[in-house]
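Trainee: In order, the protein sequences belong to chains A and B.
Following our numbering, the numbering of the first sequence begins with 1 at its first residue and continues without gaps.
Following our numbering, the numbering of the second sequence begins with 1 at its first residue and continues without gaps.
If you are wondering where the hints come from, they were derived from the structure by calculation, not from laboratory data.
Fair warning: there could be bad hints in the mix.
[Claimed, not checked] Straight-line C-alpha distance at most 16 Å; calculated EDC-like pairs for lysine to aspartate or glutamate:
(1) B:Lys-88 x A:Asp-229
(2) B:Lys-114 x B:Asp-24
(3) A:Lys-11 x A:Asp-24
(4) A:Lys-88 x B:Asp-24
Keep in mind it's a predicted model, so treat the numbers as computed, not measured.
Protein chains: 2
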Amino acid sequence: MRPGEIDEIRKLPLFAAMLPENFDALFRGAYVQSFPPQIELIREGDPADFLHVVLEGSVELFATWNNRETTMATVAPIATFILAATIKNGPYLMSARTLEKARVILLPSADVRKIFTTDTGFAQAIILDLAQCYRSVVKSHKDLKLRTSVERLANYLLRKDQQAGEQGHFDLKIEKRRLASYLGMTAENLSRSIRTLNGYGVEIDGSQVRITDRKDLAAFAKPTPLIDDPKC
Amino acid sequence: MRPGEIDEIRKLPLFAAMLPENFDALFRGAYVQSFPPQIELIREGDPADFLHVVLEGSVELFATWNNRETTMATVAPIATFILAATIKNGPYLMSARTLEKARVILLPSADVRKIFTTDTGFAQAIILDLAQCYRSVVKSHKDLKLRTSVERLANYLLRKDQQAGEQGHFDLKIEKRRLASYLGMTAENLSRSIRTLNGYGVEIDGSQVRITDRKDLAAFAKPTPLIDDPKC
DNA sequence: ATAGGGTCTTGATAAAGATCAAGCGAGGAA
DNA sequence: TTCCTCGCTTGATCTTTATCAAGACCCTAT
Numbered sequence: 001m002r003p004g005e006i007d008e009i010r011k012l013p014l015f016a017a018m019l020p021e022n023f024d025a026l027f028r029g030a031y032v033q034s035f036p037p038q039i040e041l042i043r044e045g046d047p048a049d050f051l052h053v054v055l056e057g058s059v060e061l062f063a064t065w066n067n068r069e070t071t072m073a074t075v076a077p078i079a080t081f082i083l084a085a086t087i088k089n090g091p092y093l094m095s096a097r098t099l100e101k102a103r104v105i106l107l108p109s110a111d112v113r114k115i116f117t118t119d120t121g122f123a124q125a126i127i128l129d130l131a132q133c134y135r136s137v138v139k140s141h142k143d144l145k146l147r148t149s150v151e152r153l154a155n156y157l158l159r160k161d162q163q164a165g166e167q168g169h170f171d172l173k174i175e176k177r178r179l180a181s182y183l184g185m186t187a188e189n190l191s192r193s194i195r196t197l198n199g200y201g202v203e204i205d206g207s208q209v210r211i212t213d214r215k216d217l218a219a220f221a222k223p224t225p226l227i228d229d230p231k232c
Numbered sequence: 001m002r003p004g005e006i007d008e009i010r011k012l013p014l015f016a017a018m019l020p021e022n023f024d025a026l027f028r029g030a031y032v033q034s035f036p037p038q039i040e041l042i043r044e045g046d047p048a049d050f051l052h053v054v055l056e057g058s059v060e061l062f063a064t065w066n067n068r069e070t071t072m073a074t075v076a077p078i079a080t081f082i083l084a085a086t087i088k089n090g091p092y093l094m095s096a097r098t099l100e101k102a103r104v105i106l107l108p109s110a111d112v113r114k115i116f117t118t119d120t121g122f123a124q125a126i127i128l129d130l131a132q133c134y135r136s137v138v139k140s141h142k143d144l145k146l147r148t149s150v151e152r153l154a155n156y157l158l159r160k161d162q163q164a165g166e167q168g169h170f171d172l173k174i175e176k177r178r179l180a181s182y183l184g185m186t187a188e189n190l191s192r193s194i195r196t197l198n199g200y201g202v203e204i205d206g207s208q209v210r211i212t213d214r215k216d217l218a219a220f221a222k223p224t225p226l227i228d229d230p231k232c
């Protein structure tokens with residue numbers, strides 16, 4: 001682990017409230033590993049032996065069925081993924097692969113499970129984390145069931161613009177075909193959806209997005225905090 | 001509350017591990033209410049003032065956006081709903097309405113939040129409950145993104161048949177238009193999907209379902225525990 | 001510089017699903 | 001009983017989205 005890195009991890013909401021001795025015990029059993037791009041870290045269905053923490057690079061969570069595949073989320077530093085499987089001691093419901101070169105900490109699930117039963121602070125943090133995760137998926141589910149693909153794209157762009165400080169321009173930071181899969185459409189359909197949004201104050205050149213008329217876009221997208229506010 | 005009912009509630013996994021004095025304190029502040037059918041108990045966006053427990057009847061969780069509405073889940077006795085909003089002290093992400101005459105307990109969210117910070121047993125139970133809820137929604141999300149509407153229906157029928165003991169026949173226990181909304185399709189499309197499944201060993205007359213050829217249906221539906229096993 | 005591999009876009013077409021309109025049929029009220 | 005309502009089904013049509021095919025673009029390695 002890099003110098004200072006452990007302190008950053010200790011500051012993550014999930015770990016901040018742990019008793020120091022438990023934190024130390026948990027991370028003594030940790031493996032830090034570096035992976036090249038496009039490596040499958042986790043295969044859905046496998047037992048959840050490790051809780052993962054992304055330190056560098058980014059990781060894609062995806063799911064498959066019957067030769068189809070869909071992107072569920074991307075995880076960026078510093079964040080954990082697949083906490084619920086670890087807790088339930090069940091199989092992973094999603095697979096994970098590195099998108100770029102990535103460094104990841106693997107924390108043995110058995111240790112996590114053991115510690116949260118005795119460490120109140122850790123248990124509290126897990127509760128908040130799981131509640132947050134749950135609400136995020138519910139929002140995604142509403143997005144998918146209530147909106148068309150163009151509407152999902154429009155709201156996605158508004159969210160990203162907001163996260164980038166409402167500058168009116170930002171970088172997608174994700175391949176278009178992955179974005180398409182994340183949004184629940186094909187790459188071809190994404191291209192055409194972008195075309196459609198050209199008429200509502202959106203210009204996309206490569207990975208550069210410019211929102212030239214946020215009012216117009218918002219009037220089309222009709223964002224609501226109950227779907228689009230990540231903090232809510 | 002009816003005699004004996006409080007004991008049933010105490011046996012729910014969510015409450016079973018609570019300290020008796022905390023359980024008693026929590027339920028001293030409870031309201032038991034009876035509602036007629038089609039009453040909105042909760043409106044999405046409202047603050048989560050109460051954790052709800054369904055004692056009798058059934059409750060539909062649904063979400064709306066831009067004049068569209070979709071069924072997210074139905075809750076049957078005895079079960080709680082909208083725990084995550086209570087925990088996070090955030091707005092409800094879903095609305096709830098009674099489907100039939102229903103009796104519901106309302107537990108003040110503030111009490112729930114206060115108690116889980118001190119009662120380890122309760123905290124553990126909440127963790128398991130939230131992890132379960134999270135995984136359920138992830139499964140629904142995979143179902144929706146990876147499968148066509150006919151495939152979703154086919155797998156739904158297999159799940160219900162299994163839950164009814166693999167008898168090969170069971171009652172839908174839900175209006176078709178609600179089932180359609182739950183499965184992410186229109187009522188018309190559900191009718192046609194049923195027609196399609198007639199060719200795979202499924203007969204539906206009113207609310208009575210008969211699976212005459214489970215092999216054939218399963219070969220079409222390709223169920224997987226990673227989407228279709230509610231316990232996994 | 002250029003050849004090769006990927007991604008992205010575009011067009012044509014097909015499939016899936018939604019909408020609209022009409023009629024059927026079971027159940028409830030007068 | 002008859003009428004009415006409401007949910008369900010069916011057919012026709014339209015919209016949305018996916019698929020297939022081809023070409024443009026853009027890296028990158030040689």
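Trainee: Would you mind marking each hint as holding or not holding in the structure?
Mentor: How the hints compare with the structure:
no.: 1; hint: B:Lys-88 x A:Asp-229; in the structure: holds, 14 Å
no.: 2; hint: B:Lys-114 x B:Asp-24; in the structure: holds, 14 Å
no.: 3; hint: A:Lys-11 x A:Asp-24; in the structure: holds, 13 Å
no.: 4; hint: A:Lys-88 x B:Asp-24; in the structure: violated, 28 Å
Taken one by one, the earlier hints fail for this structure only at number 4.
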